[in-house]
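For reference, the chains in residue letters:
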Amino acid sequence: MPDASYSLSELVRRFGGEALGEAAVRVSQIASLSSAQAHHISFLSNPKYRSQVAQSAAGALIVGRDMADQFERPRIVADNPYVYFARVSALFNPPPAAEPGVHASAVVHPTATIAHGVSIGANAVIERGVAIGANSVIGAGCVIGPDARIGVDCLLYANVTVYHACELGERVILHSGCVIGSDGFGLAPEAGRWIKIPQIGRVLIGDDVEIGANTTVDRGALDDTVIETGVKLDNQIQVAHNVRIGAHTAIAACTGIAGSARIGAHCTIGGAAMIFGHIEIADHVNISTNTLITKSLTQPGTYTSALPFSEHSVWLKNAVQMRHLDSMAKRLRTLEKKLEDGEK
Amino acid sequence: MPDASYSLSELVRRFGGEALGEAAVRVSQIASLSSAQAHHISFLSNPKYRSQVAQSAAGALIVGRDMADQFERPRIVADNPYVYFARVSALFNPPPAAEPGVHASAVVHPTATIAHGVSIGANAVIERGVAIGANSVIGAGCVIGPDARIGVDCLLYANVTVYHACELGERVILHSGCVIGSDGFGLAPEAGRWIKIPQIGRVLIGDDVEIGANTTVDRGALDDTVIETGVKLDNQIQVAHNVRIGAHTAIAACTGIAGSARIGAHCTIGGAAMIFGHIEIADHVNISTNTLITKSLTQPGTYTSALPFSEHSVWLKNAVQMRHLDSMAKRLRTLEKKLEDGEK
Amino acid sequence: MPDASYSLSELVRRFGGEALGEAAVRVSQIASLSSAQAHHISFLSNPKYRSQVAQSAAGALIVGRDMADQFERPRIVADNPYVYFARVSALFNPPPAAEPGVHASAVVHPTATIAHGVSIGANAVIERGVAIGANSVIGAGCVIGPDARIGVDCLLYANVTVYHACELGERVILHSGCVIGSDGFGLAPEAGRWIKIPQIGRVLIGDDVEIGANTTVDRGALDDTVIETGVKLDNQIQVAHNVRIGAHTAIAACTGIAGSARIGAHCTIGGAAMIFGHIEIADHVNISTNTLITKSLTQPGTYTSALPFSEHSVWLKNAVQMRHLDSMAKRLRTLEKKLEDGEK
Chain A
1 MPDASYSLSE LVRRFGGEAL GEAAVRVSQI ASLSSAQAHH ISFLSNPKYR SQVAQSAAGA
61 LIVGRDMADQ FERPRIVADN PYVYFARVSA LFNPPPAAEP GVHASAVVHP TATIAHGVSI
121 GANAVIERGV AIGANSVIGA GCVIGPDARI GVDCLLYANV TVYHACELGE RVILHSGCVI
181 GSDGFGLAPE AGRWIKIPQI GRVLIGDDVE IGANTTVDRG ALDDTVIETG VKLDNQIQVA
241 HNVRIGAHTA IAACTGIAGS ARIGAHCTIG GAAMIFGHIE IADHVNISTN TLITKSLTQP
301 GTYTSALPFS EHSVWLKNAV QMRHLDSMAK RLRTLEKKLE DGEK
Chain B
345 MPDASYSLSE LVRRFGGEAL GEAAVRVSQI ASLSSAQAHH ISFLSNPKYR SQVAQSAAGA
405 LIVGRDMADQ FERPRIVADN PYVYFARVSA LFNPPPAAEP GVHASAVVHP TATIAHGVSI
465 GANAVIERGV AIGANSVIGA GCVIGPDARI GVDCLLYANV TVYHACELGE RVILHSGCVI
525 GSDGFGLAPE AGRWIKIPQI GRVLIGDDVE IGANTTVDRG ALDDTVIETG VKLDNQIQVA
585 HNVRIGAHTA IAACTGIAGS ARIGAHCTIG GAAMIFGHIE IADHVNISTN TLITKSLTQP
645 GTYTSALPFS EHSVWLKNAV QMRHLDSMAK RLRTLEKKLE DGEK
Chain C
689 MPDASYSLSE LVRRFGGEAL GEAAVRVSQI ASLSSAQAHH ISFLSNPKYR SQVAQSAAGA
749 LIVGRDMADQ FERPRIVADN PYVYFARVSA LFNPPPAAEP GVHASAVVHP TATIAHGVSI
809 GANAVIERGV AIGANSVIGA GCVIGPDARI GVDCLLYANV TVYHACELGE RVILHSGCVI
869 GSDGFGLAPE AGRWIKIPQI GRVLIGDDVE IGANTTVDRG ALDDTVIETG VKLDNQIQVA
929 HNVRIGAHTA IAACTGIAGS ARIGAHCTIG GAAMIFGHIE IADHVNISTN TLITKSLTQP
989 GTYTSALPFS EHSVWLKNAV QMRHLDSMAK RLRTLEKKLE DGEK
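Chains A, B and C supply the protein sequences, listed in that same order.
If you read the first sequence in my numbering, its first letter stands for residue 1, the second for the next number, and so on.
If you read the second sequence in my numbering, its first letter stands for residue 345, the second for the next number, and so on.
If you read the third sequence in my numbering, its first letter stands for residue 689, the second for the next number, and so on.
Simulated from the structure, these hints should not be mistaken for lab results.
Computed from a predicted model, the values in this text were never measured in an experiment.
Treat the hints loosely; a few may be bogus.
[What the hints assert, rightly or not] Here's a subset of chain C near chain A, in silico, CB distances under 10 Å, partners left out: (1) S733; (2) R775; (3) N811; (4) Y845; (5) V919; (6) K920; (7) S993; (8) F997; (9) E999; (10) A1007; (11) R1011; (12) H1012; (13) M1016; (14) A1017; (15) R1021; (16) G1030.
Quick reminder that beta carbons are idealized off the backbone N, C-alpha and C, glycines included.
So that you can see chain A by itself, here it is in the shape it has in the complex (with noise of 0.2 Å):
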């Protein structure tokens, strides 16, 4: 629960904007519009909530341009209310305090470059090698494998995994459970049995990316694995080796992208969709939820392959069909050229 209030007129000195009516009055942290009480902030980014602002206790709003007037109460107009908001949260929710310094618990081992200001927490541990930047957080239970790199100012909470060699750039945010550097799926046939190629790629993490809890990232097999500055990746992700993701792109719980493909920036990638290994995909591109990609995609746009559901008894008779479809096809085409002949 934070302590710190701010008037109005303090947050617009700090963030910008406009503050409209009563901008003197205080508030200490952000709130739904259907929980807010007195003493917090509210926002409005979709018009259609609008209905809501009248019953809520909020003591005061963020408001896009388009509806500053719409309302009495104190209020910062933005030209981004969401963005605002974040800002403003933010302020309010910096990241969970750690002490600084090594849990007496945690083992680092003597060959370990630990920078000012790291917090290393209880039963860590950090293996020969490693160099850990300034002002970085390693939750507890963490393993930090030989060599790795963290840069300044990360926060890896408990339990994550990464492997020797990887590297993380800035303010690197890495959630619990989650895998960085574990060999890709590398196997030569021979005779029946799996031959082991091994991965002696990296894993190389840009600035500001943030991982979620469970997701996994492989090492290259010969190159590296890449994800680029500003990626966003949620939970139980698969990322193959010697993928690369470009930089912005963000991309939504339980995908799985395959060995080789390069994805562009800027890109989003909705939940559990999956990319076919060694295929490009161009900037800007937008895939759905559920989809399939089999192949490059050069332009950018919106693509699809998720089905629509329906009652089951419904779905069965359709579904049935699908088997069909060629035959379906060939029929329509017997049929019309029936009547292009009856026609002559």
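Position chains B and C relative to chain A; hints supplied.
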């Protein structure tokens, strides 16, 4: 291997039902019909396995009323033989015993409140302000974040992570690798970059909930993510921020539920289903395996979008027509029109 | 970075094949054609990359017999250049070295049996009755539950969890975050609630199995879940209770296999496939990415149900017709009937 043995009479006194045949026969473990031996009790809940009974060496059986008189073997007749089996099995197979007390290698913050009978495993970490209810078991390597609350009689297997301020009810079971309370995927786009929305809600988990291995439940953005009493989640499920799952709903593995979806009570959701965000699903809905639910479901029933598979070359021929369905529909209409016109 | 270098002659003495060109040239690492330097050996297993050879700075090549005479460069001619490459790479890149011995911070129960040459990492936990075979490596933060057995020469990366009584064969590799032996999803419905079925089987894993990061394998309900020798599982796969996976089957990431499914030997299963429970899949079956297998497959072959994607607006027009396929089929039949009648 359990030491205690029970006669059928003793089991009936404890769990109800009726013992037929030699009720003094003693059994000490449950087994399937095919692997049971003389000291085992087996069960028959599906009449199609009836023929296996003759070959089985099981010392006793649990059967339904409809099959009470079809066997000579010592048996317990129960209304619901599968539930009866579950109860007997729970008697023979209590969860792995854990010695009460805090293991010397565990790290417990002095401000944490640990009730009597609690067991905290080796190298577990209990952060500041945590409260753990009586007789709960925290497995080795678990990390319980600041101010989290664990109810009484909970069982957390090894390497579970619970983030700060999350709350578990009573008798909650969490399997290894599951992550409770990681940040939801909240991002505001600004000038081609993503601004992080702090996730300040919690995860609230009701009584008698079980959550499988490597399942992730994100904390709410503003309000809380809520999993109601009696919910059962299988492995590798993703529950996004501000989802609410109604009481006694069971969800199979690999399912994903997007942000702010509200799932009703007493639902069953098949494996690898995907549920869109911001929709509502009524009570008593069944969703099939691999089904994508894209809008609210207001009526109980079963809903499906999973496709039947085919041999690959057959599939290719049919799947290519998926891209021509709209044109096929139009051509069909044209033909119907022509014939109607011809008939006139 | 490996120190040792080998001449082509030495490699041929060790692994077979034939050295052509200057066989005394020495190499010390494997690299891709594009990043190789003079001390690297590269390989060409796919003729379509032949043109890259001229630009490559690789000091030597591994090539197939069909390309033996197409280059001047020092080269090894092999029957299977990809497998040859795997062997040379394994020579240059042994798994990360681990010092034998139990780290001071690890917790090993006095009743555990640790063979010679075993390495137990920092903060690992070995519970009572565990047996670990010679030369196995247990990574930092791993938890091995009571009475589990790990064979010789196994390699468990950091933060792996093995539940009680599970058994691993020899040379098994488990990647970080994988969970072996969590409870299967066994529930009996009773009066709107779920009664838990104790899961008393184990997980048995054969020799030379590799299991990827964050993959989960549930223990059996009554009998065991079995993964046979030589099976390779990628990341984030879910294997439910009582599944059996036949020898030398390889399964790509994000696949789910429901309870009691029996997968044959020498199968390949693409990413994000879903396999129904209680079905049998023959040996030598290939299942495509994103494919749902709903019934037993008795014949070798390739099976598919994944849909081709389209640009979104095109997809919408076609997908809506999916809901009318049954009616389209009927209308088609009606037209055919009319024309037949007309012809009569």
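Hints versus structure:
Annotation: S733(C) was flagged as interfacial toward chain A, and the flag holds, the nearest CB pair being 9 Å apart, inside 10 Å. A distance limit of 10 Å between C-beta atoms decides the matter here; for R775(C) the minimum to chain A is near 7 Å, and the interface restraint holds. Evaluation of the N811(C) hint against chain A yields a held restraint, the C-beta minimum of about 5 Å falling below 10 Å. Of the supplied interface hints, the one on Y845(C) holds, with its beta-carbon coming within about 7 Å of a beta-carbon of chain A, less than 10 Å.
Hint status for V919(C) relative to chain A: holds, with the closest Cβ pair at about 9 Å, below 10 Å. Below 10 Å, beta-carbon pairs count as interface contacts, and K920(C) has one with chain A at about 5 Å; its hint therefore holds. The interface hint given for S993(C) is met, as the beta carbon of that residue sits about 9 Å from the closest beta carbon of chain A, less than 10 Å. For F997(C), the shortest C-beta to C-beta distance to chain A is roughly 4 Å, which falls under 10 Å, so the interface hint holds.
Because the beta carbon of E999(C) sits about 6 Å from the nearest beta carbon in chain A, less than 10 Å, this interface hint is met. At about 6 Å, the closest approach between the beta carbon of A1007(C) and any beta carbon in chain A falls short of 10 Å, and the interface hint on this residue holds. Interface hint at R1011(C): satisfied, since its Cβ lies 6 Å from the closest Cβ of chain A, which is below the 10 Å cut-off. Because the smallest distance between the Cβ of H1012(C) and any Cβ of chain A comes to about 7 Å, under 10 Å, the interface hint for this residue holds.
At its closest, the beta carbon of M1016(C) sits 7 Å from a beta carbon of chain A; the interface hint therefore holds under the 10 Å criterion. Among the interface hints, the one on A1017(C) holds; its C-beta lies about 5 Å from the nearest C-beta in chain A, closer than the 10 Å criterion. Nearest Cβ of chain A to the Cβ of R1021(C): about 9 Å, under the 10 Å cut. The hint holds. A distance limit of 10 Å between C-beta atoms decides the matter here; for G1030(C) the minimum to chain A is near 8 Å, and the interface restraint holds.
Of the numbered hints listed earlier, not one is contradicted by the structure.
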